[in-house]
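All chains, please: the whole structure from these sequences, using the hints.
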Amino acid sequence: MSTAVADNKPAAAEVVPTFTATLMIRRFDPEVDEEPRWEDFDVELYETDRVLDALHKIKWEMDGSLTFRRSCAHGICGSDAMRINGRNRLACKTLIKDLDISKPIYVEAIKGLPLEKDLIVDMEPFFDSFKEVNPFLMAGPVKGGKERKQSPVERARFDDTTKCILCAACTSSCPVFWTDGQYFGPAAIVNAHRFIFDSRDEGAGVRLDILNDKEGVWRCRTTFNCTDACPRGIQVTQAIAEVKQAIIKGKP
Amino acid sequence: MSLIEAPRTPTRGHRTGGINWEKWGWIYMRASGVVLIVLIFGHLFVNLVAGEGVKAIDFAFVGGKLADPFWIVWDGLMLWLALIHGGNGMRTLVNDYATNPKVRKVLLIGIAASTVILIILGTLVITTFDPCPAGADPALLPSFCEAS
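Taken in order, these protein sequences are the chains called A and B.
Residue numbers for the first sequence follow numbering that gives the first Met the number 0, so the first one is 0 and each next one is one higher.
Residue numbers for the second sequence follow numbering that gives the first Met the number 0, so the first one is 0 and each next one is one higher.
Hints are not guaranteed to be accurate.
Simulated pairs of lysine-lysine, BS3-like, Cα-Cα distance not exceeding 27 angstroms [to be verified]:
id: 1; chain 1: B; residue 1: K104; chain 2: A; residue 2: K130
id: 2; chain 1: A; residue 1: K56; chain 2: A; residue 2: K116
id: 3; chain 1: A; residue 1: K213; chain 2: B; residue 2: K22
id: 4; chain 1: A; residue 1: K213; chain 2: B; residue 2: K54
id: 5; chain 1: A; residue 1: K92; chain 2: A; residue 2: K110
id: 6; chain 1: A; residue 1: K110; chain 2: B; residue 2: K54
id: 7; chain 1: A; residue 1: K213; chain 2: B; residue 2: K104
id: 8; chain 1: A; residue 1: K130; chain 2: A; residue 2: K96
id: 9; chain 1: A; residue 1: K213; chain 2: A; residue 2: K248
id: 10; chain 1: A; residue 1: K250; chain 2: B; residue 2: K104
id: 11; chain 1: A; residue 1: K56; chain 2: A; residue 2: K102
id: 12; chain 1: A; residue 1: K142; chain 2: A; residue 2: K110
id: 13; chain 1: A; residue 1: K213; chain 2: A; residue 2: K110
id: 14; chain 1: A; residue 1: K110; chain 2: A; residue 2: K58
id: 15; chain 1: A; residue 1: K148; chain 2: A; residue 2: K250
id: 16; chain 1: A; residue 1: K102; chain 2: A; residue 2: K92
id: 17; chain 1: A; residue 1: K116; chain 2: A; residue 2: K58
id: 18; chain 1: A; residue 1: K162; chain 2: A; residue 2: K250
id: 19; chain 1: B; residue 1: K104; chain 2: B; residue 2: K22
id: 20; chain 1: A; residue 1: K248; chain 2: B; residue 2: K22
id: 21; chain 1: A; residue 1: K92; chain 2: A; residue 2: K116
Derived from the structure by calculation, the hints contain no laboratory data.
Keep in mind it's a predicted model, so treat the numbers as computed, not measured.
Structure follows, in structure tokens:
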């Protein structure tokens, strides 16, 4: 028995290959800097590392003052949306090896929201728009029985827009939102869509009225930036188009 | 007066009746776009392809076209739809990209003025065009006027 255990001893751990990548990070410390500045870091990384791991390495081993948001680190919480090589993505879902590491990787905060520090922006205007569309079930007492029943087909109608994690990648990739923060933005419309097309909800008229405004769906220019940016693969532009159609028809 | 706002109080005022210009502007762009495709390609085909093709275009060709009520309506429709379509498109661009309120105002007034002036001038030409005005110097008139 003891010899068998000795035989199973693993061979000396293989050295996992690493590579060095350069990250250019747009830093901003409101107490020191007048303007944001770019700072570069050379980080040694594994094949399996994501941009978030690189940021951790910088924060934990090189410069503790680097500030960014992250919570679950697995693409569910939506805390770490940032602009990586000019595209809005989640740092925790972007593998370094999928980027071109022969050039520096540019990481900056998402655009269109007030910059607070380094990669952190003030999300309040974004959530204000979200709150504005009444993102909760609006329904009276249940008629007949105790449950609000829904068929699988009715559920599938709005399935795509239930996937939103409110990371703001779509809204902060929208050129209309960049120049006019008053626009509701794709994320708010997606979350309105989720209830407008829910057969159990009775507040569709209210939400359509809210979005049928000067800063509502009519400001959408169908540039598809939001659909490209969505880390959850939601067909955002299509959802906005469906809301437009619902407004014209007066019902979902 | 309460210290705490009622929950779910909207943070911005919502529109209260009146014509929803943004919505109708959006619908107009789609509807006029579809009609313009037919009008413009019809116009291009008749002028450039049909009959003798592009060689046929001269003063007499234009004069002949604008003597026909069908083409007056066609060209008039094209003029109005295209200029309002283009003007509204440029208004949208200004709304999206001109952040300075003064610059925005100047640009919007400029777009509105040029659209209105072009529509009035164009309509005037289309509806009152006469290739052989009475009492004009015969030397300045095109040759086909002598026939009439």
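Status of the hints after comparison with the structure:
1. K104(B) to K130(A): It is violated: about 32 angstroms lies between the C-alpha atoms, which goes past 27 angstroms.
2. K56(A) to K116(A): It holds: about 19 angstroms lies between the C-alpha atoms, which stays within 27 angstroms.
3. K213(A) to K22(B): holds (8 angstroms)
4. K213(A) to K54(B): Answer violated: K213(A) to K54(B) is near 49 angstroms, above 27 angstroms.
5. K92(A) to K110(A): holds (19 angstroms)
6. K110(A) to K54(B): Distance ~54 angstroms between K110(A) and K54(B) Cα, so the pair is violated.
7. K213(A) to K104(B): holds (17 angstroms)
8. K130(A) to K96(A): Given that 27 angstroms is the threshold and the Cα spacing comes to 38 angstroms, the pair is violated.
9. K213(A) to K248(A): holds (18 angstroms)
10. K250(A) to K104(B): violated (36 angstroms)
11. K56(A) to K102(A): holds (19 angstroms)
12. K142(A) to K110(A): With a Cα-Cα distance of about 46 angstroms, the restraint between K142(A) and K110(A) is violated, given a limit of 27 angstroms.
13. K213(A) to K110(A): holds (22 angstroms)
14. K110(A) to K58(A): Status holds; Cα separation ~22 angstroms.
15. K148(A) to K250(A): Roughly 20 angstroms separates the two Cα atoms, so the pair holds.
16. K102(A) to K92(A): holds (20 angstroms)
17. K116(A) to K58(A): holds (14 angstroms)
18. K162(A) to K250(A): holds (23 angstroms)
19. K104(B) to K22(B): Given that 27 angstroms is the threshold and the Cα spacing comes to 21 angstroms, the pair holds.
20. K248(A) to K22(B): holds (12 angstroms)
21. K92(A) to K116(A): The given pair, whose Cα atoms are some 22 angstroms apart, holds under the 27 angstroms limit.
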